[in-house]
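Since the structure of chain A is provided, determine the placement of chain B on it from the hints.
So the protein lines, in turn, are chains A and B. Residue numbering for the first sequence follows this note's numbering, beginning at 1 and increasing consecutively. Residue numbering for the second sequence follows this note's numbering, beginning at 1 and increasing consecutively.
If you are wondering where the hints come from, they were derived from the structure by calculation, not from laboratory data. Hints are not guaranteed to be accurate.
[Claimed, not checked] In silico contact screen, one side only, chain B against chain A (beta carbon under 10 Å); selected entries:
(1) R3
(2) S11
(3) A100
(4) L103
(5) S105
(6) K107
(7) A225
(8) Y228
(9) F230
All values derive from a computational prediction rather than experimental measurement. By construction, the Cβ of each residue, glycine as well, lies at the ideal position given by its N, Cα and C atoms.
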Amino acid sequence: MQPIINVKQLSKTYEYYRKQPGFLNSLRSLFHREKLFAEAVKQVSFSINEGEFVGFLGPNGAGKTTTLKMLSGIIQSSHGEASVLGYTPWRRQNAFQKQFALVMGQKSQLWWDLPAMESFILNKEIYELPDTLFKDSLAELTEVLEIKDILDIPVRKLSLGQRMKCELAAALLHRPKVLFLDEPTIGLDVVSQQNIREFLKRHNREKKTTIILTSHYMEDVEALCERVIIINHGSLIYDGVLAELLDRYVDRKILEVTFTHKISRSDLATFGEIREYAPERVVLEVLKTDTKKIAMRILADLPVDDILINEVPVDEVIRKIFTAAK
Amino acid sequence: MYRVFIANSFSYEAQYRADTWIKLLTNFLWVGMLLLTIEIVFQFTSGLGGWSKEQVYLMTVFWIMADELFVAFFSPGLSNLSTTISQGDLDVFLTKPVSALFLVSCKLFLMRAFYRFVTQLLILGFLVYQYDFALSWWHALVTGALLIIAVSVDYSRVLIANIFAFWFERIENVNDAIGMISGIGRYPLDIFPRTIKILTFTLVPIAFSAYVPTATLTGKWPWYAIAYAFIFAAFLFTCAVLFWNYAVRRYSSASS
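Just chain A, same shape as in the assembly:
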């Protein structure tokens, strides 16, 4: 299968200026400024097939958004190539722009003071949608997103969750083949996050839309993306299946044990590294290969009420990867 997104050695360097604090330095900077370069994205390469749902992970300032901006043609690359649907994004050809959509959690494409419906109608004109297609899309999206009743309320009066749903509807009206999502669940409550997640999953499955998602919330990525691309300090450090990432970077498991009566800390130290301790409950980190053996020993030696064997949480794994890469 021909990849729908192809990125080769993509780099972006920003110019910026150093400014020392203080009045005199401000005055000086009016005439002379020290020019600096920041490499936001360094020689990143990957390709994505049609219908994939890919998660972009990385801490703040890692270059996720910059990469998305290049892929959606907002900014140009400094070096390297990218092709999305066969187009170079930053040439900003209309034929390309009609086939993708970008949703940014922190920016809005809806008219703030007007009901969302007005923005939808505007998008119909911008994307030159035929009446029937517009009506069908609208009916479908408002149904699935459950926003039928809020379409005629000014956007500024909507809750963040409702607004995000309207943003998604606005972005999907023209049935894009590729969808870029930049932190779509930022600031949302748990229920709204869940709603948006379910919608995205369904949309990806039913419409075969290729989706790239960046998010700070590991839950988003865990629930939605089979494949993750991890970027840190502008460089790609992992590209593959999420489950394999865990296999590769995690050599430990978590044992959570509750006891029928109090056990002293020193009695537990021999089993593994203590992460949390209370007299009747302990959380231990043990080597994956030893898990079974240690669990059996605990069961035999101590008055166990309950024992749970857990995976190390994904966001902890990611955090480890980031700190290790520094």
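Same frame as chain A, but now just chain B:
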């Protein structure tokens, strides 16, 4: 698409009705003051740099008309360009299959400025009636053409100035400065020294919103002066669009 813009702008203004009325009222007071000033000045003199009272009236009304047309069609979007850039709205525009410049310039149509334009048109009619200005279809046509040229020069001027927001984030003051400078265009420019007058036809093109149209219409200038105005307007507009394209190519976007 423009139809939707206008419809949206209409409902937008309808949301802030009180504001619209107050702004209309203050504007009428301002126009009244302006015309009163002319009346008072001409109590003491019969000519201003070779211009009679009715000609200065005509010039003022023309200036306001061009200004209101510009404000109605382009100003709300254009003079907010620096905010559009710093808040990242431009990112959204750039991903649309329509010219981002068109979206920036035309997204909001200021209906109340259009009302004011119509009022000025009525005042113009009154002036023509009161002072026996020559009136023919030819005049109306030339007036229309000159208005378009005037608005186009206004547009290019404001666009060029605001594009600097791509490099210097905060330039809101630039619009105040432009407003002040273009205000000079209301006066008969013959009262200024020659060098300044030449500047207003070239580097600081403010002569096109009132002086050139009035001079042409009242026969102070030959008809073919329109040709210069037209060529200059086209040239300036081309420069503005090229500058825009250059800026957008180098656009670095606000962070997240």
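Cross-check of the supplied hints:
1. R3: holds (8 Å)
2. S11: Status holds, d = 6 Å.
3. A100: Result: holds, 8 Å to nearest chain A Cβ.
4. L103: holds (8 Å)
5. S105: With a minimum Cβ separation of about 15 Å from chain A (threshold 10 Å), the hint on S105(B) is violated.
6. K107: Interface hint status for K107(B): holds (9 Å vs cutoff 10 Å).
7. A225: violated (40 Å)
8. Y228: Result: violated, 36 Å to nearest chain A Cβ.
9. F230: violated (30 Å)
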